[in-house]
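> Same order as they appear, the protein sequences are chains A and B. Convert by adding 1430 to the 1-based position in the first sequence; the result is the number in our numbering. Convert by adding 1 to the 1-based position in the second sequence; the result is the number in our numbering.
Don't take every hint at face value.
Below, in silico cross-link-like pairs of lysine to any residue (SDA-like), each with a Cα-Cα straight-line distance of 20 angstroms or less [stated by the list, open to error]:
| # | chain 1 | residue 1 | chain 2 | residue 2 |
| --- | --- | --- | --- | --- |
| 1 | B | K98 | A | R1511 |
| 2 | B | K98 | A | T1544 |
| 3 | A | K1444 | A | G1527 |
| 4 | A | K1487 | B | K98 |
| 5 | B | K98 | A | Q1484 |
| 6 | B | K43 | A | T1528 |
| 7 | B | K98 | A | S1525 |
| 8 | B | K43 | A | P1438 |
| 9 | B | K80 | B | A111 |
| 10 | B | K43 | B | A93 |
| 11 | B | K43 | A | Q1484 |
| 12 | B | K98 | A | T1506 |
| 13 | B | K43 | A | K1444 |
| 14 | B | K64 | B | A11 |
| 15 | B | K43 | A | L1491 |
| 16 | B | K43 | A | T1544 |
| 17 | B | K43 | A | L1469 |
Hints are computed from structural coordinates only; laboratory data are not their basis.
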Amino acid sequence: DTGVSQNPRHKITKRGQNVTFRCDPISEHNRLYWYRQTLGQGPEFLTYFQNEAQLEKSRLLSDRFSAERPKGSFSTLEIQRTEQGDSAMYLCASSYGTDFANNEQFFGPGTRLTVL
Amino acid sequence: EDQVTQSPEALRLQEGESSSLNCSYTVSGLRGLFWYRQDPGKGPEFLFTLYSAGEEKEKERLKATLTKKESFLHITAPKPEDSATYLCAVQASGTYKYIFGTGTRLKVLA
């Protein structure tokens, strides 16, 4: 297994454009998380999927952000009408667990977004 | 409000000089506390999970401990390759989200 992969690794866009990122988790992992990280900060939770169900979403998340995980496999994160404040590293993580006792997360390398 | 505070923000050590990193947390029912290592430009790498006060975990030169209000990551005889940012995160009961601290940037000098 090659671990969690994310594409693209880098994205430069103009303000107002829409962008979509993809995350491919480790194949047997049923849990998937999206985070945003800016320089000098820890990852900030965005949303959580268990299989294909989106079970939790940050209250700080704007309506411009949406995520999907069709069929419980890969996931996409879309940002509509990007703003300069959206510039950050977007991280995906996956884990396997049927309860909360087994929740080691494996992170992907991230997608770095720059909004001009 | 659930919160995680890490200290110090940055730490410089000579090779072989042991030290500890602190993670203080306020959470309404701790489900788990997690330590990660993050190298520049990469995603965090999992180190430890601690579930209850008094628990300890060890891996090579690292040892993590947990009390009811804080966790320590002890680094014994560090080497330059231990240089990284160390992140602490908590998960509270009744939620799936993880709350991360801002990390401690560790630099170990040869």
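> Could you run down the list of hints and mark each one as holding or not?
Structure-based check of each hint:
no.: 1; hint: B:K98 <-> A:R1511; result: 26 angstroms, violated
no.: 2; hint: B:K98 <-> A:T1544; result: 26 angstroms, violated
no.: 3; hint: A:K1444 <-> A:G1527; result: 39 angstroms, violated
no.: 4; hint: A:K1487 <-> B:K98; result: 9 angstroms, holds
no.: 5; hint: B:K98 <-> A:Q1484; result: 12 angstroms, holds
no.: 6; hint: B:K43 <-> A:T1528; result: 28 angstroms, violated
no.: 7; hint: B:K98 <-> A:S1525; result: 13 angstroms, holds
no.: 8; hint: B:K43 <-> A:P1438; result: 14 angstroms, holds
no.: 9; hint: B:K80 <-> B:A111; result: 7 angstroms, holds
no.: 10; hint: B:K43 <-> B:A93; result: 26 angstroms, violated
no.: 11; hint: B:K43 <-> A:Q1484; result: 26 angstroms, violated
no.: 12; hint: B:K98 <-> A:T1506; result: 18 angstroms, holds
no.: 13; hint: B:K43 <-> A:K1444; result: 25 angstroms, violated
no.: 14; hint: B:K64 <-> B:A11; result: 19 angstroms, holds
no.: 15; hint: B:K43 <-> A:L1491; result: 23 angstroms, violated
no.: 16; hint: B:K43 <-> A:T1544; result: 17 angstroms, holds
no.: 17; hint: B:K43 <-> A:L1469; result: 12 angstroms, holds
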